[in-house]
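S.K.: Listed below are the residues making up each chain.
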Amino acid sequence: MRRYSKTLVFFLSLWPIYVISYQIIFNQLGPEPVDRIINHFGEWTLIFILLTLSMTPLKQITKSVEWIKFRRMLGLFTFFYASIHMLSYVGLDYRFDFEPLINDVLKKKFIFIGFSAWLLLIPLAVTSSERMVILLKQNWKKIHRLIYIIGIFGVLHYIWLSKTIFFKPLIFLIILVILLLLRIKITRSASKI
Amino acid sequence: MIKFKNSEITPENIYKKRRSFIKSVGLGASTLAMSSIPFLNKSLASERDKLTSYKDITTYNNYYEFGTSKSDPYRNSQIFKTTPWDIAIEGEVEKPIKLSMEEISEMFISEERIYRLRCVEGWSMVIPWMGFSLSKLLSKVNPTNKAKFVEFESVYDPAQMKGQRYPVLNWPYNEGLRIDEAMHPLTTVVTGLYGKKLPNQNGAPLRIFIPWKYGFKSAKAIVKIKFVENMPTSSWMWASPREYGFYSNVNPNVDHPRWSQATERIIGEGVWAPRVKTLMFNGYGDEVASLYSGMDLKKNF
Numbered sequence: 000m001r002r003y004s005k006t007l008v009f010f011l012s013l014w015p016i017y018v019i020s021y022q023i024i025f026n027q028l029g030p031e032p033v034d035r036i037i038n039h040f041g042e043w044t045l046i047f048i049l050l051t052l053s054m055t056p057l058k059q060i061t062k063s064v065e066w067i068k069f070r071r072m073l074g075l076f077t078f079f080y081a082s083i084h085m086l087s088y089v090g091l092d093y094r095f096d097f098e099p100l101i102n103d104v105l106k107k108k109f110i111f112i113g114f115s116a117w118l119l120l121i122p123l124a125v126t127s128s129e130r131m132v133i134l135l136k137q138n139w140k141k142i143h144r145l146i147y148i149i150g151i152f153g154v155l156h157y158i159w160l161s162k163t164i165f166f167k168p169l170i171f172l173i174i175l176v177i178l179l180l181l182r183i184k185i186t187r188s189a190s191k192i
Numbered sequence: 000m001i002k003f004k005n006s007e008i009t010p011e012n013i014y015k016k017r018r019s020f021i022k023s024v025g026l027g028a029s030t031l032a033m034s035s036i037p038f039l040n041k042s043l044a045s046e047r048d049k050l051t052s053y054k055d056i057t058t059y060n061n062y063y064e065f066g067t068s069k070s071d072p073y074r075n076s077q078i079f080k081t082t083p084w085d086i087a088i089e090g091e092v093e094k095p096i097k098l099s100m101e102e103i104s105e106m107f108i109s110e111e112r113i114y115r116l117r118c119v120e121g122w123s124m125v126i127p128w129m130g131f132s133l134s135k136l137l138s139k140v141n142p143t144n145k146a147k148f149v150e151f152e153s154v155y156d157p158a159q160m161k162g163q164r165y166p167v168l169n170w171p172y173n174e175g176l177r178i179d180e181a182m183h184p185l186t187t188v189v190t191g192l193y194g195k196k197l198p199n200q201n202g203a204p205l206r207i208f209i210p211w212k213y214g215f216k217s218a219k220a221i222v223k224i225k226f227v228e229n230m231p232t233s234s235w236m237w238a239s240p241r242e243y244g245f246y247s248n249v250n251p252n253v254d255h256p257r258w259s260q261a262t263e264r265i266i267g268e269g270v271w272a273p274r275v276k277t278l279m280f281n282g283y284g285d286e287v288a289s290l291y292s293g294m295d296l297k298k299n300f
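So the sequences go chain by chain: A and B. Take the first sequence: its letters are residues 0 to 192, numbered as in numbering that gives the first Met the number 0. Take the second sequence: its letters are residues 0 to 300, numbered as in numbering that gives the first Met the number 0.
I should point out that these hints are in silico values taken from the structure, not numbers from a laboratory. Quick caveat, the model's predicted, so the values are computed rather than measured. A virtual CB, placed ideally from N, CA and C, is assigned to each residue, including glycine. Be aware that a few hints might be false.
Unchecked claim - Across the chosen pairs, the derived CB separations fall in these ranges:
id	chain 1	residue 1	chain 2	residue 2	range
1	B	Arg164	A	Ile101	38 to 48 Å
2	B	Glu110	A	Ala124	54 to 64 Å
3	A	Phe111	B	Ser239	11 to 21 Å
4	A	Ile60	B	Ser68	54 to 64 Å
5	B	Lys94	A	Leu105	53 to 63 Å
6	B	Lys135	A	Ser161	31 to 41 Å
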């Protein structure tokens with residue numbers, strides 16, 4: 000069972016793809032299909048950031064290192080969905096018309112911060128391999144702490160683009176804050192030892 | 000051309016056929032009768048002309064009293080009670096009045112009015128409303144010389160409207176117009192759409208609709224109309240004055256901090272349909288631009 004857990008998590012992580020494929024095939028995207036696709040992948044990107052951030056606290060709470068082996072895969076799925084999210088915005092919505100896009104990135108803070116979060120994900124994805132961990136040594140950990148900033152940027156991106164914080168953006172914010180607070184606790188208790 | 004199956008004959012189809020009939024007649028009697036509706040006089044891209052489906056109009060709504068997601072209003076408003084319903088017209092008037100919905104439907108004949116709706120979020124619909132000019136209703140009272148603005152108050156009923164149990168907006172929903180805007184013939188009191196009674200999720204039993212302004216200006220489920228001296232602070236202005244101005248005229252040249260207003264997406268179009276350019280005053284500039292002559296619309300957004 001444990002041997003296949005990674006494969007299982009991989010196929011489960013493709014859930015957003017199954018859902019959107021079903022909706023495209025059976026014409027269930029609703030009145031604003033482009034918006035639906037963009038939002039779908041945006042939301043799932045956030046969910047995957049939070050899932051990625053949950054693995055370390057879960058390790059502490061359950062006292063099992065099992066969780067850590069999913070962390071890289073979940074992180075890569077975050078990058079994967081973030082890229083689809085951005086591509087559907089750039090390609091589907093704006094049809095690669097870069098003038099209004101650049102205007103958006105510079106003028107609209109939610110797009111600026113969302114785009115920044117995606118850019119910050121790139122070094123994490125590039126340095127995700129085992130080889131890179133060995134190669135970068137201590138620096139690897141430092142680089143990958145960027146995920147905290149990415150998480151904050153991602154949730155801010157959602158809050159700023161929403162007309163009100165109720166309720167989904169608020170829920171994401173609360174979970175993110177809990178996950179980040181858990182880390183402060185973890186490092187504190189670790190430093191005591 | 001849209002083809003219809005026999006099984007699909009609904010009022011919606013009749014409307015669409017009627018519209019193509021009006022077009023083919025050209026300067027026929029019906030066109031003349033409807034010449035007060037500017038939408039029909041404009042030759043625009045065909046997608047812009049096409050009526051949005053009844054289903055999309057009634058299941059894709061922003062109506063935070065019933066929830067913040069687009070599908071919430073349809074889902075949460077079906078048991079909403081709209082009878083009895085009274086509308087008070089008060090404030091800076093000589094004699095305030097209170098009218099029941101029955102009295103209003105007896106007093107005013109609702110006619111078909113096809114207008115574009117442009118949401119501040121960057122999407123648009125074409126809706127065959129049923130209604131009459133607000134000026135007719137307002138003429139039932141005599142405003143005092145202090146009256147400069149008209150304020151609209153929507154119903155407050157958290158027992159029936161679950162969105163109002165949370166501080167999403169400053170309840171009850173509040174909107175306002177300058178008196179000359181309120182008296183403009185395009186400013187409509189809406190009582191129905193697609194020839195049917197107005198569905199709850201679209202603002203039953205009575206709402207207003209201002210075609211040249213972003214959708215949120217058109218308050219739903221109105222219980223009070225108040226003449227006032229000072230510019231009212233609408234619920235959205237109260238929530239974020241930087242983002243939502245009092246005028247909120249559709250203006251492709253003034254960007255909302257979060258949405259570009261230069262283009263819009265037409266509801267009901269497929270995944271591959273491109274955005275279309277947004278028109279100044281939502282295409283009703285010929286009728287309403289004079290209301291704002293000499294005003295800096297970038298400042299008075």
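S.K.: For each hint, tell me whether it holds in the structure or not.
M.R.: Tested hints:
Between Arg164 of chain B and Ile101 of chain A the beta carbon distance is about 42 Å. The supplied range of 38 to 48 Å therefore holds. Between Glu110 of chain B and Ala124 of chain A the beta carbons are some 59 Å apart, a value that agrees with the proposed interval 54 to 64 Å. Here the CB-CB span from Phe111 of chain A to Ser239 of chain B is close to 18 Å, well matched to the stated 11 to 21 Å. For Ile60 of chain A paired with Ser68 of chain B, a C-beta distance near 33 Å fails the hint of 54 to 64 Å.
Distance hint for Lys94 of chain B and Leu105 of chain A: a CB-CB separation of about 55 Å, consistent with the stated range 53 to 63 Å. Look at Lys135 of chain B against Ser161 of chain A: about 38 Å separates their beta carbons, and that is inside 31 to 41 Å.
Of the hints listed earlier, the one the structure fails to meet is number 4.
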